[in-house]
Amino acid sequence: MAQLTRRSANLLKPFSASVSATRHLTTSDTTPITVETSLPFTGHKIEPPSRSVETTPKELLSFFRDMALMRRMEIAADSLYKAKLIRGFCHLYDGQEAVSVGMEAAITKKDCIITAYRDHCIFLGRGGTLLETFAELMGRKDGCSKGKGGSMHFYKKDSGFYGGHGIVGAQVPLGCGLAFAQKYSKDENVTFAMYGDGAANQGQLFEALNMSALWDLPAILVCENNHYGMGTAEWRAAKSPAYYKRGDYAPGLKVDGMDALAVKQACKFAKEHALKNGPIILEMDTYRYHGHSMSDPGSTYRTRDEISGIRQERDPIERIKKLILSHDLATEKELKDYEKEVRKEVDEAIAKAKECALPDSSELFTNVYKKGFGVESFGADRKELRAVLP
Amino acid sequence: MWLCSPLIHSYSSTSLSSRHRPNRHNPPPSPPPHPLTPPPRSSFSVKVACLIDLSSNLEVHCIERKTSFFFIHCDGSLTSGLNLSNSRSARLSTNAVATKQDNVTASTASKPGHELLLFEALREGLEEEMERDPRVCVMGEDVGHYGGSYKVTKGLAPKYGDLRVLDTPIAENSFTGMAIGAAMTGLRPIVEGMNMGFLLLAFNQISNNCGMLHYTSGGQFKIPIVIRGPGGVGRQLGAEHSQRLESYFQSIPGIQMVACSTPYNAKGLMKAAIRSDNPVILFEHVLLYNLKERIPDEEYVLNLEEAEMVRPGEHVTILTYSRMRYHVMQAAKTLVNKGYDPEVIDIRSLKPFDLYTIGNSVKKTHRVVIVEECMRTGGIGASLTASINENFHDYLDAPIVCLSSQDVPTPYAGTLEEWTVVQPAQIVAAVEQLCR
Numbered sequence: 008m009a010q011l012t013r014r015s016a017n018l019l020k021p022f023s024a025s026v027s028a029t030r031h032l033t034t035s036d037t038t039p040i041t042v043e044t045s046l047p048f049t050g051h052k053i054e055p056p057s058r059s060v061e062t063t064p065k066e067l068l069s070f071f072r073d074m075a076l077m078r079r080m081e082i083a084a085d086s087l088y089k090a091k092l093i094r095g096f097c098h099l100y101d102g103q104e105a106v107s108v109g110m111e112a113a114i115t116k117k118d119c120i121i122t123a124y125r126d127h128c129i130f131l132g133r134g135g136t137l138l139e140t141f142a143e144l145m146g147r148k149d150g151c152s153k154g155k156g157g158s159m160h161f162y163k164k165d166s167g168f169y170g171g172h173g174i175v176g177a178q179v180p181l182g183c184g185l186a187f188a189q190k191y192s193k194d195e196n197v198t199f200a201m202y203g204d205g206a207a208n209q210g211q212l213f214e215a216l217n218m219s220a221l222w223d224l225p226a227i228l229v230c231e232n233n234h235y236g237m238g239t240a241e242w243r244a245a246k247s248p249a250y251y252k253r254g255d256y257a258p259g260l261k262v263d264g265m266d267a268l269a270v271k272q273a274c275k276f277a278k279e280h281a282l283k284n285g286p287i288i289l290e291m292d293t294y295r296y297h298g299h300s301m302s303d304p305g306s307t308y309r310t311r312d313e314i315s316g317i318r319q320e321r322d323p324i325e326r327i328k329k330l331i332l333s334h335d336l337a338t339e340k341e342l343k344d345y346e347k348e349v350r351k352e353v354d355e356a357i358a359k360a361k362e363c364a365l366p367d368s369s370e371l372f373t374n375v376y377k378k379g380f381g382v383e384s385f386g387a388d389r390k391e392l393r394a395v396l397p
Numbered sequence: 452m453w454l455c456s457p458l459i460h461s462y463s464s465t466s467l468s469s470r471h472r473p474n475r476h477n478p479p480p481s482p483p484p485h486p487l488t489p490p491p492r493s494s495f496s497v498k499v500a501c502l503i504d505l506s507s508n509l510e511v512h513c514i515e516r517k518t519s520f521f522f523i524h525c526d527g528s529l530t531s532g533l534n535l536s537n538s539r540s541a542r543l544s545t546n547a548v549a550t551k552q553d554n555v556t557a558s559t560a561s562k563p564g565h566e567l568l569l570f571e572a573l574r575e576g577l578e579e580e581m582e583r584d585p586r587v588c589v590m591g592e593d594v595g596h597y598g599g600s601y602k603v604t605k606g607l608a609p610k611y612g613d614l615r616v617l618d619t620p621i622a623e624n625s626f627t628g629m630a631i632g633a634a635m636t637g638l639r640p641i642v643e644g645m646n647m648g649f650l651l652l653a654f655n656q657i658s659n660n661c662g663m664l665h666y667t668s669g670g671q672f673k674i675p676i677v678i679r680g681p682g683g684v685g686r687q688l689g690a691e692h693s694q695r696l697e698s699y700f701q702s703i704p705g706i707q708m709v710a711c712s713t714p715y716n717a718k719g720l721m722k723a724a725i726r727s728d729n730p731v732i733l734f735e736h737v738l739l740y741n742l743k744e745r746i747p748d749e750e751y752v753l754n755l756e757e758a759e760m761v762r763p764g765e766h767v768t769i770l771t772y773s774r775m776r777y778h779v780m781q782a783a784k785t786l787v788n789k790g791y792d793p794e795v796i797d798i799r800s801l802k803p804f805d806l807y808t809i810g811n812s813v814k815k816t817h818r819v820v821i822v823e824e825c826m827r828t829g830g831i832g833a834s835l836t837a838s839i840n841e842n843f844h845d846y847l848d849a850p851i852v853c854l855s856s857q858d859v860p861t862p863y864a865g866t867l868e869e870w871t872v873v874q875p876a877q878i879v880a881a882v883e884q885l886c887r
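Chains A and B supply the protein sequences, listed in that same order.
Residues 8 to 397 in the numbering used here are what the first sequence lists, from first letter to last.
Residues 452 to 887 in the numbering used here are what the second sequence lists, from first letter to last.
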């Protein structure tokens, strides 16, 4: 993520002491390193890919940078929500960052990603900026959806991020539609349609999978299994919690979603498969530390020991940190300093977002219709222009 | 005797022109058609709706049962009036003017245009648009190899291939979702619901994703989708296959709704809907697919927000759409015999309402009857009543009468089904009561 490094470099210009630390954290070293994933992959009707993943120091450091930024952003969003600057629903992704960064490492911006409402980090991964994120969360007009979408409606058309949807399950047919359009225009890209273990029980998923498999659409269905559908554990909601097998005729792969490299390997494998053979289901075994959303404490249906246990054993950032340290790509101090920089960067973005203006009242009527038909609502005698919907 | 009354249209505040709405999406206008001499008046003994092109500037649309009526679209000032440089289609439908004819003789021979049935007109519009833009594709149940359950897409799959005319499984929710996802990337899909009632399964997709995505993404995505299908009460099809979905969809922000009623407006509206960048829901009616009419050979696109003046009059404004138009015209004949002069407007655009045409009519007649097929509660008529009351209250001499279907599931038995919908006799009675 050159963008992030450039930004941090710019922000740090006055602080010459720490410049060297950040610069060191962005190496252009691409000597391959082979790492074994934490767990082997499990396949359903398919031969799983190998456990050994090729990566580079550059990539590992970028994983760390991106995940640290995402983690910091989500924690900051938590405080903003409690300070009542973010209202409504706020679903946080901390703990699941590896899925986003691993996926980005395997694909291009021409491939499409679509997800439900836990979209802040995926938006960031697709190239969104911190300012756009916080401005949108606080409902300012500089947000990515001009303040009219909110936490659940982040979109970035130019880098293939299709949202951001409030009603879970509905994004999967949309994702298959994106794959349909990719097949229609024959452009050798794929679509990752993400959903959770809760939404995995939606009927429209199976309908969409049926159609994708029927017409060999390049759709990859990614189930981010964080084991809880809001307050309901997966064993209480699904007869068959092996979500990667749910595709029946469609092959599936179970991946350790807390290991960014495993995710990267799986996504790369899935992309190759989808372009040749049609849809495949990926189940990312992951975990969210926060509750379902900010109004859910997250402790009524699971124990704090469980949460802290996972944080100790499987935290994605810690894993990458260990890899970086064991391969001597950076020192402990440098990583800590970088996290401090990230914190500062996020705070600055929040400060800037707080100063952004709220949308104008005329924006209430903009973007209801696309300019063209039905855009002007006249008064009865056609002389009085009641509202213009540009 | 021709009655041609161009309505004053203050589109630009200074120009005085015939009622003509520019279509910003239309291609540049083709050269003006050749003027022809008006052919002799004609009469027909067949019970069909037919269109005769009397001259380049005049189109005649007639419905005939026992006596003959002529409804002439006054197109006169299209060529003479407004500046045509801002991309308008050559033939936009303008207001129709009616005149009564006695003693007419038939001469169907050398009439320009071609005769076809409504479903063929839909197919023609669809095919022309698919030819014109490779991004246009159709999805629905049995639209491809079977040719469409009402034959609207017949012959298209062999011509354009399976990917452009896609046979979907019975999964309305997800194939509507798929179409919306495809539209987000730039394709222009047309979703066919085999019966509008089946689209209730896709309500989430239509409301949340189709209607709202343009807004919630801050304008990043447009959804140029057309959702079409037959609805309405048919011939004893049963409750679940006789639904009027326009009343459920009308509140969804961000969508447009139109209803076609004749082959002429079916083709025009289909083309306009496909070219529109907004999501459009096109309501067809199960019983109107076999209507025959003569439509122009030249390409034409109608305006999606415009209402159609079917028969001008002085005493009362009757607003209607889709199949009820024919019940109203039947009632109109009886009313004319009894000495009333109803003005009949086919509102066509269900969302947004064409308050301009409707308003002018109300100002002229001061009495309104709405005849619709929706249920009494929460139908299009209910919204239209509220809208007219809000905007034109001062011009009304009497409360608006809204005749709608009964708030019951449509029964199977023929007689019961007849009583569910509005019949011409009821319309006549309502007008007589209103005009007392």
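Treat the hints with caution; some may be incorrect.
Below are the DSSO-like pairs computed for lysine-lysine, each with C-alpha atoms no more than 30 Å apart in a straight line [claimed, not checked]:
(1) A:K116 to A:K193
(2) B:K743 to B:K605
(3) B:K605 to A:K193
(4) B:K602 to B:K562
(5) A:K89 to A:K148
(6) A:K283 to B:K610
(7) A:K329 to A:K164
(8) A:K329 to A:K361
(9) A:K193 to B:K610
Here chain B is said to cover these stretches of chain A; the calculated rule only asks that three of the stretch's residues, wherever they fall, bring their Cβ under 8 Å from a Cβ of chain B [stated by the list, open to error]:
(10) 99-107
(11) 161-171
(12) 271-284
(13) 317-331
(14) 369-375
If you're looking for bench data, these hints aren't it; they were derived computationally from the structure.
Remember, predicted model here, so these are calculated numbers, not experimental data.
Beta carbons: idealized from backbone N, C-alpha and C, even for Gly.
Each hint, compared with the structure:
1. A:K116 to A:K193: holds (16 Å)
2. B:K743 to B:K605: With Cα atoms ~18 Å apart, K743 of chain B and K605 of chain B stay inside 30 Å; holds.
3. B:K605 to A:K193: holds (26 Å)
4. B:K602 to B:K562: holds (27 Å)
5. A:K89 to A:K148: holds (22 Å)
6. A:K283 to B:K610: holds (27 Å)
7. A:K329 to A:K164: violated (35 Å)
8. A:K329 to A:K361: The given pair, whose Cα atoms are some 36 Å apart, is violated under the 30 Å limit.
9. A:K193 to B:K610: Given pair K193 of chain A, K610 of chain B holds - Cα atoms ~19 Å apart, limit 30 Å.
10. 99-107: violated (count 0)
11. 161-171: holds (count 6)
12. 271-284: That given contact is violated, which follows from only 0 residues of the region 271-284 of chain A lying within Cβ reach (below 8 Å) of chain B.
13. 317-331: violated (count 0)
14. 369-375: Since 3 is at least three, the answer is holds.
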